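Sequences listed follow chains A and B, in order.
Using my numbering, you'd call the opening residue of the first sequence number 19 and step up by one each time.
Using my numbering, you'd call the opening residue of the second sequence number 19 and step up by one each time.
Note that these hints are calculated values from the structure, not bench results.
Do not rely on the hints blindly, as some may be mistaken.
No copy labels: a pair is met if it fits in one copy or bridges any two.
Calculated lysine to any residue pairs in the SDA-like style (CA-CA distance at most 25 Å, straight line) [to be verified]:
#1 Lys71 with Asp51
#2 Lys57 with Gly148
#3 Lys28 with Phe67
#4 Lys71 with Lys113
#5 Lys57 with Asp134
#6 Lys113 with Ala140
#7 Lys71 with Trp120
#8 Lys28 with Phe160
#9 Lys98 with Thr136
#10 Lys113 with Thr136
#11 Lys60 with Ala199
#12 Lys101 with Leu89
Bear in mind that the values here come from a model prediction, so they are computed numbers and not experimental data.
Number of protein chains: 2
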Amino acid sequence: MMTTPALPTKDRLIQSAATLFRTRGYHGVGLADLLSHAKAPKGSLYHHFPNGKSDLAMAAATWASDQMLRLIAASFDGAKTFKDGATTLCFKLAKLFDLTGWDTCPIAATLFEGPDNTEFRAHASHIYEGWIAEVHDHAERFGLPEDEAQTNAENLFVLIQGGWMLARARRDSDVLRTLPALL
Amino acid sequence: MMTTPALPTKDRLIQSAATLFRTRGYHGVGLADLLSHAKAPKGSLYHHFPNGKSDLAMAAATWASDQMLRLIAASFDGAKTFKDGATTLCFKLAKLFDLTGWDTCPIAATLFEGPDNTEFRAHASHIYEGWIAEVHDHAERFGLPEDEAQTNAENLFVLIQGGWMLARARRDSDVLRTLPALL
DNA sequence: ACAGGAATAGACCGATTGGTCCAGCGTCGA
DNA sequence: TCGACGCTGGACCAATCGGTCTATTCCTGT
Numbered sequence: 019m020m021t022t023p024a025l026p027t028k029d030r031l032i033q034s035a036a037t038l039f040r041t042r043g044y045h046g047v048g049l050a051d052l053l054s055h056a057k058a059p060k061g062s063l064y065h066h067f068p069n070g071k072s073d074l075a076m077a078a079a080t081w082a083s084d085q086m087l088r089l090i091a092a093s094f095d096g097a098k099t100f101k102d103g104a105t106t107l108c109f110k111l112a113k114l115f116d117l118t119g120w121d122t123c124p125i126a127a128t129l130f131e132g133p134d135n136t137e138f139r140a141h142a143s144h145i146y147e148g149w150i151a152e153v154h155d156h157a158e159r160f161g162l163p164e165d166e167a168q169t170n171a172e173n174l175f176v177l178i179q180g181g182w183m184l185a186r187a188r189r190d191s192d193v194l195r196t197l198p199a200l201l
Numbered sequence: 019m020m021t022t023p024a025l026p027t028k029d030r031l032i033q034s035a036a037t038l039f040r041t042r043g044y045h046g047v048g049l050a051d052l053l054s055h056a057k058a059p060k061g062s063l064y065h066h067f068p069n070g071k072s073d074l075a076m077a078a079a080t081w082a083s084d085q086m087l088r089l090i091a092a093s094f095d096g097a098k099t100f101k102d103g104a105t106t107l108c109f110k111l112a113k114l115f116d117l118t119g120w121d122t123c124p125i126a127a128t129l130f131e132g133p134d135n136t137e138f139r140a141h142a143s144h145i146y147e148g149w150i151a152e153v154h155d156h157a158e159r160f161g162l163p164e165d166e167a168q169t170n171a172e173n174l175f176v177l178i179q180g181g182w183m184l185a186r187a188r189r190d191s192d193v194l195r196t197l198p199a200l201l
């Protein structure tokens with residue numbers, strides 16, 4: 019609920035935005051909600067993000083994406099095989115799901131439902147390909163050939179996105195834990 | 019672009035709502051857009067849907083769900099095996115993706131990003147389970163044992179949802195056509 | 001032909017939306 | 001000590017939001 023109070027205003031704005039957009043979507047969050055959640059005045063928003071809400075949404079998406087990239091790295095770093103890494107990733111996500119609740123994928127909520135804006139779509143796609151590339155690299159590190167690494171990475175992405183959605187509908191993270199069986 | 023003009027107002031409203039919510043999300047569509055797209059005055063909206071936007075969203079989601087159920091049935095009816103049916107479903111969806119463009123899953127866009135409302139969430143979950151149940155029944159019809167039918171149905175759902183999302187990010191329906199290989 | 005409900009048409013409303021603007025604040029280096 | 005400047009605080013704005021209400025038109029059964 020509370021964002022760490024000691025954080026600088028800009029970061030508080032980004033994190034509040036990430037949280038709120040994830041739960042209610044880009045259009046579902048007003049500046050009023052945003053500012054009161056981040057305990058920041060309107061002036062600060064437009065100081066740090068001259069283009070206002072859309073700038074902030076971009077930054078929030080990037081921030082959320084970085085978190086995800088770290089989670090992927092953490093899962094595959096200690097793993098013995100690709101499937102091991104994929105499995106721990108799914109389990110870590112299941113735990114995260116239980117903690118944060120039944121929210122959407124932060125990128126989808128922030129960028130896909132945002133303004134028609136081409137930039138938004140491009141950024142979302144860029145972020146997703148970043149995730150896939152990260153998994154891809156780990157797959158190659160485990161000795162998988164290039165093309166196999168790519169399809170495995172894409173498959174894992176698809177499973178997680180779809181699994182998260184079903185988990186959300188059911189308010190139950192179990193689906194996420196059964197995903198690795200499909201690889 | 020144009021909704022069939024001969025359709026009764028109520029249906030025009032539902033279909034316009036389904037279309038617009040799917041592309042811009044529940045909060046992303048205002049009543050003004052909605053009414054001008056459906057070529058209906060405000061009075062008609064509140065006559066057919068006393069609770070306004072939220073009532074309409076529910077109806078639109080149900081309508082979209084029925085379309086999906088018909089698509090599932092059509093795919094499995096002419097199939098020889100479960101995997102055959104699943105494959106044609108994926109291909110039909112890929113074609114649909116190319117036609118409608120890069121929109122979200124209509125249910126997710128309409129109900130998940132909608133008001134916090136418990137009804138919305140419940141309806142979304144109900145619809146999803148309906149799709150899974152439909153696939154489940156076809157699976158059993160092909161002789162699969164109960165539990166296998168269930169996991170197969172859930173897996174297909176997960177693949178389609180995740181695949182659709184990646185296809186959307188890439189603006190390319192190819193992902194959808196590669197999904198059956200994962201069953 | 002006419003009564004009466006269903007449906008349409010749109011003026012109108014208060015609340016909220018995203019965004020602008022400027023006065024003040026605190027903290028630097030000179 | 002004093003600007004200068006990064007940042008905050010919030011008053012203010014037009015536009016739009018979802019929703020209400022009433023007058024009118026359309027259609028149908030009798």
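Here is how each hint holds up against the structure:
1. For a Cα distance limit of 25 Å, the shortest separation of Lys71 from Asp51 qualifies both inside one copy, at 12 Å, and across copies, at 22 Å.
2. For a Cα distance limit of 25 Å, the shortest separation of Lys57 from Gly148 qualifies neither inside one copy, at 32 Å, nor across copies, at 43 Å.
3. In this assembly of identical chains, the alpha carbons of Lys28 and Phe67 lie at most 25 Å apart only when taken from the same copy (9 Å versus 43 Å across copies).
4. Proximity of Lys71 to Lys113 under the C-alpha cut-off of 25 Å is found in neither arrangement, the shortest distances being 30 Å within a copy and 35 Å between copies.
5. Taking the shortest Cα distances, Lys57 and Asp134 sit within 25 Å of each other only across copies (22 Å), while inside one copy they are farther apart (29 Å).
6. Within a single copy, Lys113 and Ala140 get their C-alpha atoms only as close as 30 Å, which misses the 25 Å cut-off; across copies the closest is 23 Å, which meets it.
7. In this assembly of identical chains, the alpha carbons of Lys71 and Trp120 lie at most 25 Å apart whether taken from the same copy (24 Å) or from different copies (23 Å).
8. For the identical chains of this complex, Lys28 and Phe160 are neighbours neither inside a copy (39 Å) nor across copies (57 Å), given an alpha-carbon limit of 25 Å.
9. With identical chains, the CA atoms of Lys98 and Thr136 are never at most 25 Å apart, being 41 Å at best within one copy and 43 Å at best between copies.
10. In this assembly of identical chains, the alpha carbons of Lys113 and Thr136 lie at most 25 Å apart only when taken from different copies (23 Å versus 34 Å within one copy).
11. Taking the shortest alpha-carbon separations for Lys60 and Ala199, neither the intra-copy value of 48 Å nor the inter-copy value of 51 Å comes in at or below 25 Å.
12. Only within a single protomer do Lys101 and Leu89 lie at most 25 Å apart by alpha-carbon distance; the minimum there is 16 Å, versus 34 Å between protomers.
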